[in-house]
Amino acid sequence: MSPLIFKKEETARIRAVILKIGRMEKVDILGLRVKNIVNESISLNCYKNTFVNKIIDFTLSDLSIHKPTAIVYVVSGLEKRGNLLKSPLFPLLKGVDLAELTAKISKTKTFVLNELDCAARGISVSSPKEDFFTLVNWDDYFSFKNYEKGRIVNFKEGGHIKFDFSFFAPLCECGERGCINAIIQGQNIERRIIEEAKTIGIKIPIHKSPIDFLLSEYEKSDNWAIGFLNSIGIILGDFLGNIEKVFFSPLIIWRGNLAKKFLHIIEYLLKDKINEEVNFKFTPFDNDYDTIIGVNSLFDSKGNLIQEI
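According to our numbering, the sequence shown is numbered sequentially starting from 795.
Mixed in with the good hints there might be a few duds.
[Stated by the list, open to error] Think about it this way: if two alpha-carbon atoms lie no more than 27 Å apart in a straight line, the pair counts; the simulated DSS-like pairs of lysine-lysine are:
#1 K903 with K848
#2 K820 with K950
#3 K820 with K898
[To be verified] Taking CB as the label site, the calculated pair distances span:
#4 G816 with H1001: 16 to 24 Å
#5 E1013 with E989: 19 to 27 Å
#6 D891 with K1014: 49 to 57 Å
#7 K861 with K950: 32 to 40 Å
#8 E989 with K1054: 22 to 30 Å
#9 K1096 with K1039: 41 to 49 Å
#10 E989 with L878: 23 to 31 Å
#11 E1070 with D925: 16 to 24 Å
#12 S858 with Q981: 37 to 45 Å
#13 D1032 with K1096: 45 to 53 Å
#14 E873 with N1098: 37 to 45 Å
#15 S1025 with D851: 39 to 47 Å
#16 K923 with S960: 38 to 46 Å
Rather than coming from a laboratory, the hints here were simulated on the basis of the structure. All residues carry an ideal CB built from backbone N, CA and C; glycine is no exception.
Given these sequences and hints, build the entire structure.
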């Protein structure tokens, strides 16, 4: 069933294209319903022009059928510099004015927004009582945004706060070493699992992902798996404890596959580092619906952006 979109005007026609690591998702928001959800994989292993053209072609295919009043690119890790894109997750888009290129071809108003900003907005719109919270994304990339009374408090991507200052700290997509994203995002956790398992002589079955293998070993009370997850909990607890001292958010809302897999195991370690009055909960939405609701709430029926996040 299509999810309900919280919007007064039922004539809104928005085409949203969500860009995430390894995939892009095209969604047509028609009135109060989401239709025509299409996914396609994307790879950074190509030339810049090829990458940009693939995104635009994907975005504009069957556009004449749905006739949106606006096109919105929702980019993970986006840091805008005027109209030129900058996202460490998509280096091939650096310096590209994706909105202008798309608008020129489609003759349709086009915008570019940060994915986590839109998700925070979507949660707030659908749950009006949640007007002050920290939204934490823990998946292929780690980041957070603080949302207070209709606005994003930290415009920078929270995942690129430096946490490990050693020379051998893991390298982040942004080019720096030791960002919290580099330490606990999905791909680097998998690399660490593989390296540690190899060092201690444990063989990971071919049919299991490194993370699922780690969890299965944890369920067997394996000391290595317990120690591994405890170390993640301590790192994340220290980080979030420091963040809470700055923003004083009463609620942390979690989203992402790693949060779903790990949080119930390490939650006690996190709460040991965070103010006991801070509550945890998961986003009530799956499949990027919090992002979609956020995008839809920002535009009127003519495709005009009615509110900056």
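Each hint, compared with the structure:
1. K903 with K848: holds, 19 Å
2. K820 with K950: This hinted pair holds, its Cα atoms lying about 25 Å apart.
3. K820 with K898: This hinted pair holds, its Cα atoms lying about 19 Å apart.
4. G816 with H1001: 16 to 24 Å: holds, 21 Å
5. E1013 with E989: 19 to 27 Å: holds, 22 Å
6. D891 with K1014: 49 to 57 Å: With Cβ atoms ~52 Å apart, the hint holds.
7. K861 with K950: 32 to 40 Å: Given about 36 Å between the Cβ atoms, the range holds.
8. E989 with K1054: 22 to 30 Å: holds, 24 Å
9. K1096 with K1039: 41 to 49 Å: holds, 44 Å
10. E989 with L878: 23 to 31 Å: violated, 37 Å
11. E1070 with D925: 16 to 24 Å: holds, 22 Å
12. S858 with Q981: 37 to 45 Å: holds, 38 Å
13. D1032 with K1096: 45 to 53 Å: holds, 48 Å
14. E873 with N1098: 37 to 45 Å: violated, 24 Å
15. S1025 with D851: 39 to 47 Å: holds, 44 Å
16. K923 with S960: 38 to 46 Å: holds, 42 Å
Violated hints for the displayed structure, listed by number in ascending order: 10 and 14.
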